[in-house]
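Asker: Produce the complete structure using the sequences and hints provided.
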Amino acid sequence: MREMKKNNKEDSQRLSDPPSTEKVEEAEPSPFITIVGWAVISLFFILLLLTTSPFGAFLGTSEWAVVSALHGMLATLGVVIVTVVGYLGWRLYIGQLRAYSDLRILSILTVLVSAATIIFGNWVYIAYRSPGGPRAYFLANNPAIHEVFFEFKEFIALFTLPLAIVAAYSLWTYRDSLPQNKQLRTTITIVIVMTWTIFMVTYILGAAVTKLRSV
Amino acid sequence: MSQTPSETKPNGRAVAAMLAAMIGLLVLGIVHTGTQASSDFNTAVFNVGKAWIPNATGIGPYSGKETFMLIAWFGSWGLLYLSLRNRRVNLGIVTLIFMVGIAVATLLVYTPFIHFMLSK
Numbered sequence: 001m002r003e004m005k006k007n008n009k010e011d012s013q014r015l016s017d018p019p020s021t022e023k024v025e026e027a028e029p030s031p032f033i034t035i036v037g038w039a040v041i042s043l044f045f046i047l048l049l050l051t052t053s054p055f056g057a058f059l060g061t062s063e064w065a066v067v068s069a070l071h072g073m074l075a076t077l078g079v080v081i082v083t084v085v086g087y088l089g090w091r092l093y094i095g096q097l098r099a100y101s102d103l104r105i106l107s108i109l110t111v112l113v114s115a116a117t118i119i120f121g122n123w124v125y126i127a128y129r130s131p132g133g134p135r136a137y138f139l140a141n142n143p144a145i146h147e148v149f150f151e152f153k154e155f156i157a158l159f160t161l162p163l164a165i166v167a168a169y170s171l172w173t174y175r176d177s178l179p180q181n182k183q184l185r186t187t188i189t190i191v192i193v194m195t196w197t198i199f200m201v202t203y204i205l206g207a208a209v210t211k212l213r214s215v
Numbered sequence: 216m217s218q219t220p221s222e223t224k225p226n227g228r229a230v231a232a233m234l235a236a237m238i239g240l241l242v243l244g245i246v247h248t249g250t251q252a253s254s255d256f257n258t259a260v261f262n263v264g265k266a267w268i269p270n271a272t273g274i275g276p277y278s279g280k281e282t283f284m285l286i287a288w289f290g291s292w293g294l295l296y297l298s299l300r301n302r303r304v305n306l307g308i309v310t311l312i313f314m315v316g317i318a319v320a321t322l323l324v325y326t327p328f329i330h331f332m333l334s335k
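If you're matching them up, the sequences are chains A and B in order.
Last residue of the first sequence: number 215 in our numbering, and the count goes up by one each step with no gaps.
Last residue of the second sequence: number 335 in our numbering, and the count goes up by one each step with no gaps.
To be clear, the hints were calculated from the coordinates, so they are not data collected in a lab.
If you want the footprint, here are the derived chain A segments under chain B, 3+ residues with CB under 8 Å:
| id | region |
| --- | --- |
| 1 | 125-132 |
| 2 | 148-158 |
| 3 | 163-169 |
| 4 | 190-198 |
Note that the coordinates shown come from a computational prediction; the quantities given were computed from them, not determined experimentally.
All residues carry an ideal CB built from backbone N, CA and C; glycine is no exception.
Answerer: Here it is in structure tokens:
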């Protein structure tokens, strides 16, 4: 009887005690498992989409379809990344950034995506300039689209790479002293904001031109 | 332990990177404006691009403009790095120069401004 009472007391105490932090952490999946799980599920759906849907029709029949799609997708990815960098840059400016390593890693990603987008942009520019391509169409029907908007877009796109490299280089070179160096934090934030602005202008102009006439 | 400003790394390396990027983009704008002003210069710029960029014929003089930008950018970065790496520079003034330089470079690739400058 005494044994039963003891067991009941232990059971009720176990139920009333909040679970310890260690137990909760053990129950949660690790970041690695979360990322791998997400990747596997995404891959499954991508394969499903590629094998069961007319994906080629979605891209278009142009021989430049894949190159131009990659250029556009990289630019879209760049917009997402540079926007996150812009937010972290704001936190850096006001001195409330804790995720310095996140900003450093994303700054490198911005450089890589910017470079890749420019390379694919160069590639797809061949199609844009080819006889009967979008440039010929715009010059015949609405020259301002090429002469003002596209030309501005093609050059301003190149600005993103040096600016992104300045930001990434400074973030990595001064990673130890940055929290104490307000002046440098301000300068880096200015460079990040410029990168974000130019990236957005380039993206919007590129999307607008593609909407009017794609390769 | 927090570092005092005198203990931190000299800001010359960041300044060198910023000024080099600005110089590269200004050269891009100047070369682009030059190609709009002179067809001979345009041909010369195109020939520079054709010398090393694959399929440069497809992208025209743009290839040469990119080339000049890269040479000016990385060339000036190397020189500025060597001369500024251990120096402390007034970052406020450099940032102002950088912003004005990028603004001017932006104008130099904007066709209406080029036409206005060249009275076209």
